[in-house]
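In order, the protein sequences belong to chains A and D.
The letter at position 235 of the first sequence is residue 235 when you use our numbering, and the numbering goes up by one with no holes.
The letter at position 115 of the second sequence is residue 1115 when you use our numbering, and the numbering goes up by one with no holes.
Some hints could be false.
[As the list claims (entries may be wrong)] On the chain D side, residues computed to face chain A include the following (Cβ under 7 Å):
#1 Ala1081
#2 Leu1091
#3 Ala1092
#4 Asn1095
#5 Asp1130
#6 Asp1133
#7 Lys1137
#8 Gly1200
#9 His1205
#10 Arg1228
#11 Arg1354
#12 Glu1358
#13 Gln1411
#14 Asn1448
#15 Tyr1450
Worth flagging that the hints you see were computed from the coordinates, not collected in a lab.
By construction, the Cβ of each residue, glycine as well, lies at the ideal position given by its N, Cα and C atoms.
Each chain, written out:
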Amino acid sequence: MSGGVMIRSARAVLAPYLFVAPFLLSFAGLFLGPAGYALYLSFTRYRGFGVARWVGLENYAVVLGYDAFWIMLGNTLFYWVAHAIPMMALALTLAIAVQRKAIRWTRTFKTLVFLPQVLASVATALLFQTIFGSHYGLIDRLLGFDTPWLTDPALSRWTVVAVLIWRSTGYWFIVFLAGLTTISPEIDEAAAIDGASAWQRLWRITLPLLRPTLIFAVLVDAIVTLRLFAEPNVLLGKAGALAPTAAAPLLNLVVEQMRGGMFGAAAATGWLLFSLIAVLTFALFRLMRERGA
Amino acid sequence: MSLIETTARAGRLSRRTALGLASASALLPTIVRAQRAQKITVWTWGGVERFQRRVDAFKRLFPAEAAKIEVEVVSPGKNDAEVYQAFRLALASGNAVPDLVQMNYIGLPEFAEAGVLADLGPMMKPYNGDLVDGARKLAAYNTTTVAIPYQMKGKVWFYRKDLFEAAGIDPLAVRSFDDYMTAGRRYRNKHPTSFMMNIGRTPIHWWYYMILSHWPETRVAERDGKFRILSDPHFGTMIDWLKAWRSSGIAFDTDDFEPAWQPAFADSSIGGTLLSNWMTDFLPKFAPAQGGRWGLAPWPEFNRNGSEAGGSVMTIPAASRNQEAAFSFAASMFLTRQGSVDEWVRTGTPTVLRSAREEMLGRSATMARPEGLTDAQWAVVPNTYFGSEFLRPVLDSYEHFNVFPYDPAAQTELDIMRRETEAYLAGSKTRDQTLAAMQSTMAARIGNPYRP
């Protein structure tokens, strides 16, 4: 084999790796490296400077034995389930309505539905404080009630859910609309000619063909919500403090530990959260694929 | 055309030599400035604007010092906790360690205990005699001087003079906790739509150490790591009071800085608050129409001593290379009479110096509206809003000033106290369960707060 051929062959082998090298390097440097370091820290007692003292599994044991961890985990799962089901249903319904031209002025409608997504989460939370504020909030003033929407945990968690639905519906509406455009209208028309009702076409044709988009939506929304932080804290926190425990998401515990200079415990909590997200995502993925198969 | 260019054109210097000289001459002003002024970096929170005005005042008041010190203000976070976080990172990396760090006293023990703050004892010596007692407490951690104090957060009771008078309540006559509760009920009887105080379901964080700092012997943990929640009765007293205020009906149902707090002052739903002297900044903005109706008094005797988180201080990291320049700047602004009085005029922060007290009171009594201030702006200046006599109760609160003996895990201890108290106030835990949970959680999560 001549030298020129060997060089060309080597180039052909190396080229793909060179193309993905920027991503791999940044992934290793900006994610794997810090994640590995956080894993190491989770087995130490470390205040952010000075010496990290090895404590084995102590941080994990302490976090798992802390009742607040379980309360916050319960809150996080509640936020995910309580918002995801109505939000996905609403976003999908709106997308189908637009695709089937059941709504006029679709451009304006799309913009309006997507608008909350553009607003900063802090601005959103402040807006909802004005609406749900006790004593002086818009709802209480209109209805003549005095309801502790933001201070009673039984109600305040639902207020957070309302914010999450309001904020994320527009995003998934656009995603579902994009997914619907990939389904050939000819299939739908053929089914209609064959006498399938609108409901049958939706249930037997549209939803099955939209399954990859639905799986993507459910998984990504689950990941995002399990890492929830801004909405409950800006809405329910005050004077720089985090939301009360009864309505706090799990990420609050990580932030609280870092604020208190307990980096080992914060890393352990972070890894527990990561494990939870990984297990849930895998389980959801398997479940949805099996249902579809 | 410059001399260098002329000379080079004349052919007496090579082009390379001429370029070298030109570069040197361009750098010369920078080199000279660097020799003249030593650059220091200051870390504060919530933006640089407020502190930058302090730097501008430094240039105006101390031009000779300012010529030697160039101050760069950096805001690495929106609150003090984020500044501590950034400071930890700087200490871990050893890079970009600032020369001055603003802290609330609650955050100081973690760094003082770790020995990463400079011992300011020798530098502070000339100033100690002029500091009020409380400020000296703020400057020290254990027996070492580690901070330059500049803001004391004394405990002040704000009350609506007109509403209290109509209800026949003299704040100075309210001594015991029972007196306070009786006054609250009398106030409610007289003013059915107004309350003498406010407290919500999740009492704001400053209640805890503000109450506990009254008792000088109370601390959360001993140096050997033993927590004192169960052995010190004052922790139980604290949660009892919070519960009594919540359940007795004398308090408006909202926490400080919740959305309803501000409008409740404005429409007179709240007619009083047990808080700290910094409320003089907020109240005029919350209820601008109530100018002249608010009075200030010390907290009732049952919890008069103490402070809200101690106060704010400036610290100098041991790793700073410009310790003397940093101290010189801070001392000029906070520990000299001229700087301290100017600080009060600009920001409303009362002086911590004995020698400046009378001058500040005198200026307060004769304060005239500065040029450029509108009627509305002038009306909400604390001096105008509360009346010039407002400053005396603030300074009187310094007489009862006490700094809680925070330990390096104070922030985590506060988080745990708040969490368990929330459960107690919600009725999901009994008093004994609450205190036991505080103690056991601290022991499990913190271990020994003095051992890193």
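Tested hints:
1. Look at alanine 1081 of chain D: its Cβ gets to within about 5 Å of chain A, closer than 7 Å, so that hint holds up.
2. A hinted interface residue such as leucine 1091 of chain D counts as satisfied when its beta carbon comes closer than 7 Å to some beta carbon of chain A; here the least separation is about 4 Å, so the hint holds.
3. Given the 7 Å rule on beta carbons, the hint for alanine 1092 of chain D holds: about 4 Å separates it from the nearest Cβ of chain A.
4. At a threshold of 7 Å, the smallest CB-CB gap from asparagine 1095 of chain D to chain A is about 12 Å, leaving the interface hint violated.
5. Against a cut-off of 7 Å between C-beta atoms, the interface hint on aspartate 1130 of chain D is violated, since the closest Cβ of chain A lies about 33 Å away.
6. At about 28 Å, the closest approach between the beta carbon of aspartate 1133 of chain D and any beta carbon in chain A exceeds 7 Å, and the interface hint on this residue is violated.
7. Interface restraint check: lysine 1137 of chain D against chain A, minimum CB-CB distance 23 Å, threshold 7 Å, status violated.
8. At about 6 Å, the closest approach between the beta carbon of glycine 1200 of chain D and any beta carbon in chain A falls short of 7 Å, and the interface hint on this residue holds.
9. For histidine 1205 of chain D, the interface hint holds, since its Cβ comes within 7 Å of a Cβ in chain A; the closest pair sits about 6 Å apart.
10. The interface hint given for arginine 1228 of chain D is broken, as the beta carbon of that residue sits about 19 Å from the closest beta carbon of chain A, more than 7 Å.
11. The interface hint given for arginine 1354 of chain D is broken, as the beta carbon of that residue sits about 32 Å from the closest beta carbon of chain A, more than 7 Å.
12. The beta carbon of glutamate 1358 of chain D is not positioned within 7 Å of any beta carbon in chain A (closest approach about 34 Å), and the interface hint is therefore violated.
13. Because the smallest distance between the Cβ of glutamine 1411 of chain D and any Cβ of chain A comes to about 5 Å, under 7 Å, the interface hint for this residue holds.
14. Given the 7 Å rule on beta carbons, the hint for asparagine 1448 of chain D is violated: about 11 Å separates it from the nearest Cβ of chain A.
15. A least Cβ separation of about 12 Å between tyrosine 1450 of chain D and chain A goes past the 7 Å threshold, and the interface hint is therefore violated.
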